[in-house]
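Could you build all of it, start to finish, from the sequences and the hints given here?
The lines below spell out each chain.
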Amino acid sequence: MLDASAISGASPQPGIHQLIAADGTSVADEELAPLVADVDDDQLLQLYSDMVTIRRIDVEATALQRQGQLALWPPMLGQEASQAGSLHALTMDDFIFPTYRENGVAYLRGADLAGIMSTWRGSANTGWDPHKFNMATPQIIIGAQTLHATGYAMGLVLDGKEALSIAYLGDGASSQGDVHESMVFAASFQAPVIFFCQNNHWAISEPVGLQAHAPIAGRAPGYGIPSMRVDGNDVLAVLAATRWAANRARSGGGPSFIEAVTYRMGAHTTADDPTRYRGVTELEEWGARDPIARVRAFLQGRGRLDEAAEAGVAARADTMAAELRNGCINMPDPAPMTVFDNVYTTEHAILDRQRDHYERYLAAFATTEGTTLEGSRS
Amino acid sequence: MSRLTLTQAINAGLRKAMEDDPKVVLMGEDIGTLGGVFRVTDGLMKDFGSHRVIDTPLAESAIIGTAVGLAYRGFRPVCEIQFDGFIYPGFDQIVSQVAKLHMRTHGQVRMPLTIRVPFGGGIGSPEHHSESPEAYFVHTSGLRVISVSNPQDAYTMLRQAIACDDPVLFFEPKRRYHTKGEVDLDADLSRAPAMGASRVVSAGTDVTLVTYGPLVSTALDAAKAAADDGISLEVIDLRSLSPLDYGPIEDSVRRTGRLVITHEASETLGLGAEIAAGITERCFNYLEAAPVRVTGFDIPYPPSKLEKHHLPDLDRMLDGVDRVLGRPNSLSGLEG
Amino acid sequence: MIQEFKLPDLGEGLTESEIVSWHVAVGDTVQLNQVIGEVETAKAVVELPSPYAGIVTAITHEPGTTVEVGEVIIAFEVPAEGGPAAEAVDPAQKRVPTLVGYGADPESSKRPARRARAFAATSTTTMPQPAAEAAPAVVAAPVEARVQADRPRSTPPVRKLARDMGIDLAELVGTGERGLITRDDVLSFAGDPSQGAGVAATAPSASAVGTPAGAGNAAREVRTPIKGVRKFTAAAVAKSAFTAPHVTEFLTVDVTAGMEFLAKLRAKREFSDVKLTPLTLAARAVCLGIARQPSLNSRWDEGANEIVTMNYVNLGIAAATPRGLVVPNIKDAQLLGMHGLAAAVGELATVARSGKTQPADLAGGTFSITNIGVFGIDAGTPILNSGEAGILALGAVRNTPWEHQGGIALRQVMTLSLSFDHRLVDGEQGSRFLADVGAVMSDPAMALALS
Chain A
125 MLDASAISGA SPQPGIHQLI AADGTSVADE ELAPLVADVD DDQLLQLYSD MVTIRRIDVE
185 ATALQRQGQL ALWPPMLGQE ASQAGSLHAL TMDDFIFPTY RENGVAYLRG ADLAGIMSTW
245 RGSANTGWDP HKFNMATPQI IIGAQTLHAT GYAMGLVLDG KEALSIAYLG DGASSQGDVH
305 ESMVFAASFQ APVIFFCQNN HWAISEPVGL QAHAPIAGRA PGYGIPSMRV DGNDVLAVLA
365 ATRWAANRAR SGGGPSFIEA VTYRMGAHTT ADDPTRYRGV TELEEWGARD PIARVRAFLQ
425 GRGRLDEAAE AGVAARADTM AAELRNGCIN MPDPAPMTVF DNVYTTEHAI LDRQRDHYER
485 YLAAFATTEG TTLEGSRS
Chain B
8 MSRLTLTQAI NAGLRKAMED DPKVVLMGED IGTLGGVFRV TDGLMKDFGS HRVIDTPLAE
68 SAIIGTAVGL AYRGFRPVCE IQFDGFIYPG FDQIVSQVAK LHMRTHGQVR MPLTIRVPFG
128 GGIGSPEHHS ESPEAYFVHT SGLRVISVSN PQDAYTMLRQ AIACDDPVLF FEPKRRYHTK
188 GEVDLDADLS RAPAMGASRV VSAGTDVTLV TYGPLVSTAL DAAKAAADDG ISLEVIDLRS
248 LSPLDYGPIE DSVRRTGRLV ITHEASETLG LGAEIAAGIT ERCFNYLEAA PVRVTGFDIP
308 YPPSKLEKHH LPDLDRMLDG VDRVLGRPNS LSGLEG
Chain C
2 MIQEFKLPDL GEGLTESEIV SWHVAVGDTV QLNQVIGEVE TAKAVVELPS PYAGIVTAIT
62 HEPGTTVEVG EVIIAFEVPA EGGPAAEAVD PAQKRVPTLV GYGADPESSK RPARRARAFA
122 ATSTTTMPQP AAEAAPAVVA APVEARVQAD RPRSTPPVRK LARDMGIDLA ELVGTGERGL
182 ITRDDVLSFA GDPSQGAGVA ATAPSASAVG TPAGAGNAAR EVRTPIKGVR KFTAAAVAKS
242 AFTAPHVTEF LTVDVTAGME FLAKLRAKRE FSDVKLTPLT LAARAVCLGI ARQPSLNSRW
302 DEGANEIVTM NYVNLGIAAA TPRGLVVPNI KDAQLLGMHG LAAAVGELAT VARSGKTQPA
362 DLAGGTFSIT NIGVFGIDAG TPILNSGEAG ILALGAVRNT PWEHQGGIAL RQVMTLSLSF
422 DHRLVDGEQG SRFLADVGAV MSDPAMALAL S
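Protein chains in written order, with my numbering: chain A, 125 to 502; chain B, 8 to 343; chain C, 2 to 452.
Hint data in this document are derived by calculation from the structure and do not stem from the laboratory. It is possible that some hints are incorrect.
30 Å max Cα-Cα, derived DSSO-like pairs, lysine-lysine [claimed, not checked]:
no. : chain 1 : residue 1 : chain 2 : residue 2
1   : B       : LYS315    : C       : LYS111
2   : B       : LYS231    : C       : LYS111
3   : B       : LYS187    : C       : LYS111
4   : B       : LYS187    : C       : LYS7
5   : C       : LYS7      : B       : LYS315
If you want a taste of the chain B side facing chain A, the calculated C-beta under 8 Å gives, among others [said to hold, decoys possible]:
no. : residue
6   : ASP37
7   : PRO307
8   : PRO310
9   : LEU338
Part of the chain C face toward chain B, derived, beta carbon under 7 Å [stated by the list, open to error]:
no. : residue
10  : LEU100
11  : GLY102
12  : ALA105
13  : PRO113
14  : THR156
Yeah, the Cβ is synthetic: ideal placement off N, Cα and C, and Gly gets one too.
The structure is reproduced here in structure tokens:
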């Protein structure tokens, strides 16, 4: 029937890999454990700190939107483990193709905070140089980036490199044609690409059950691409799974698909109202599986996170948040004539004429009011 | 008469169309439970059921393509493309199938689809949410294209579009979604202005200012400001982009001799280019000056902090009016 | 310093919210982003994070009240530094954020107005007002039947010509297809405004001089409208003077022999029906001179980037008419002999005096002659007839002591003044031409040597 019943997937189903349970206790996983055997408590503390920081950034950005400093912000609340865990499996030679929600990945990759904000403030379409960080700019067209990642990986093969590309995508994206075509190409060319699908259960108001009548991870083998389902709120498991896929890619094993099962704790973007389409129970259930709380519990259980350490982590996070706020609210508006920049690499006489005309137009006004035009603006 | 916002008027139009014809089904992302990201379809799923207000998976090509199949089956689908910039995955189905099927089948298969698209800028958004792609569709034979500017037209013309057996691209100016206007909900469709008719929305004697969609209200403001300068603008709302209704424009230009066309879409190959050529053909011997176009630049839509430079506003329109009148303007002395 | 927090826009196009609860009270210290309260829109309950760090000094709306966006709801005492949140809230912001951005600009209740521009856009405008006055009030509703008539039909180039000549097309009747106003229509109207079917009565401009008022109330100046032939002439002359670089050369010649020659011709029976004057001889001399110096009979075609040299001479003869100066031309004057030229000049003058010069007569001239001698004037610096390369002014014939056969004698002497367009004619060419003309005027037999 066309009646799309909401499969909310509230509880992790069998077959989902995990290393740290929601309550912070260890879980044995034969496949994943060896991949993170080297991760000691110090490194786990670093992962914890990273997650705390990117959550703090997320909260600050949300507040900035409420205060009119950003046009919008897509919260990543609840997905910190998926972002931090996957990022830490990559090297700087690997190329990242994010969606628009991977602002945690961007920050951990080294992108400047003000740069990250510039896209959401409306000052620029990109906040960093893709070639400097080997990371593409946020992609708003759902699924388009998966084709780019596959093509990049094909390029790596042509160049004989050992690096890989990673395409982040969501559960909604898994319905788009581009994603399926990218998996066909990836398999046919054995491209070293990781399809990292964060199933956060919601595409605006559409539940994952509308996009897929079976676990999303099950699609990839149909294309000839091995896949793994992992608890997206378990940073250690995510790290391990991504390493699994990265090892395959680097050693000529071709593409892999990871479904990180997580939850979009916040709204789709800052003006969305999730109470219109999902219930409180779901939120509570997933709140109990918080990615940061479980690592806190784990580290506290091993005596590695006392009050002082906790305070230190929080202080570092607050510092980043303040830097973000400063960078955002003090960001200058772009100059008017830059609207013509970078459309082409070559000359374009028609555009030049328009630029010339607009320059004359602006010059015709009695006052140069910079970039804000007062008076009526319909 | 009711005072409704543009979204409410569209909602009312959809409701009436669905009441009138059980074969009308709505399809789109987030239109059912959520009621649409702009609340345009608010309440409709509750009243008509999820089999007639269909929440679709995230796939524009499939939304259009499955609608084609539904049309074969005798349904009258109304597809929503959530934002203008998202129409491109569906472009192939629209251009290769929806537009061509009637002619391909010698008129035996009809495609009475309506594809609703919120379009245009001025809402402070990131990329892909402020496009003006209407020219691609006006250029595609087999499609009708409409751009409403006010709640009454939205209500009436949406119903006409849905009832029309040709496929219709129905562009809604999203930056005017909250504009209110009087709507006669009981208006008799058979006595409403034709769906293909353009309309003088403000009479004037000195310059003909032609536009559509989001810039109609800007043009009306420009007319008010121009009046303070002693200039009388005649503002024409195209309403229908394909086909274009030249009648009122010709009548006007025969009296004013001066034409300005304005739209958000880029200058090259926009509706302004078409109308400038069309009016030059039809009214050459009445023209006092070359037609002037006031449009977006030939650039991808800029970051929102810069959009006010790209989008024609009141001042840019009046600069174009000055130019066509031979008054001092930003390009004085430049052109032939 | 006190910072006020105004209710921000919270999405979905709503302009007001209800205060649900406050989490702080007056006197509390709040941190930046600390949740200070909750408001409810029709869609959801939304938390408000504090934009300031400071102390609450006032809460202006109690829970349960509905507040408009932009109203102050709470105020804080913040440190003078202001902290990074000093301009966190833009008090002027009234845009309503949507799912995907800042939202559209709100509708302004202010009257729409233009931004002030640097160049003066004064109210002295070139507004064309063929019909009704510009209506200041704008009708927002759809339009009923219009009163304004269609504009006169013409083509853009002809409109420009009319504009340059200061002619209002509404005063003309077009003779083209379906009443199209043609170039000839405009030129004809310029020659005789009464030919237009215009409503306004236009008095001939040459005599349109206001009479001074009577004594006691005498007007100290008289105003005459600029129109008709005066306007046309002024425009043409101004254009010519400021487009073509004029050079004038003077040659004073002893035309005694030329006058004797004319007298001899007058005595002949075949010349009894025409009037022979020095102008006639000059006309012939000019045609012969042009044959040797064709640059004097050319045209500067800017658009085609070419100089056009005509192989015919349409010789313009300046003529005074009741309405002013016109320059009708004799077509293919180079084909005419003395009799033909005399007849043509005579005919032309008769027609001009009666004000019946046709547009075709005025068009297409290639060289002009103006006879200022009839006014007793010796020489001048004539202005080229628009588009032509040369113009010859004939001075009066005077008895003047002159060199003659080695001595001084009273001879009939005339000065020829030749102006030419230096773009088309160089000094040498102009000089040689003038010399040739002078040669024929002073010794008509030289015509045999020149041909």
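Okay, which hints does this one fail, numbers in order? Hint check: nothing fails, all pass.
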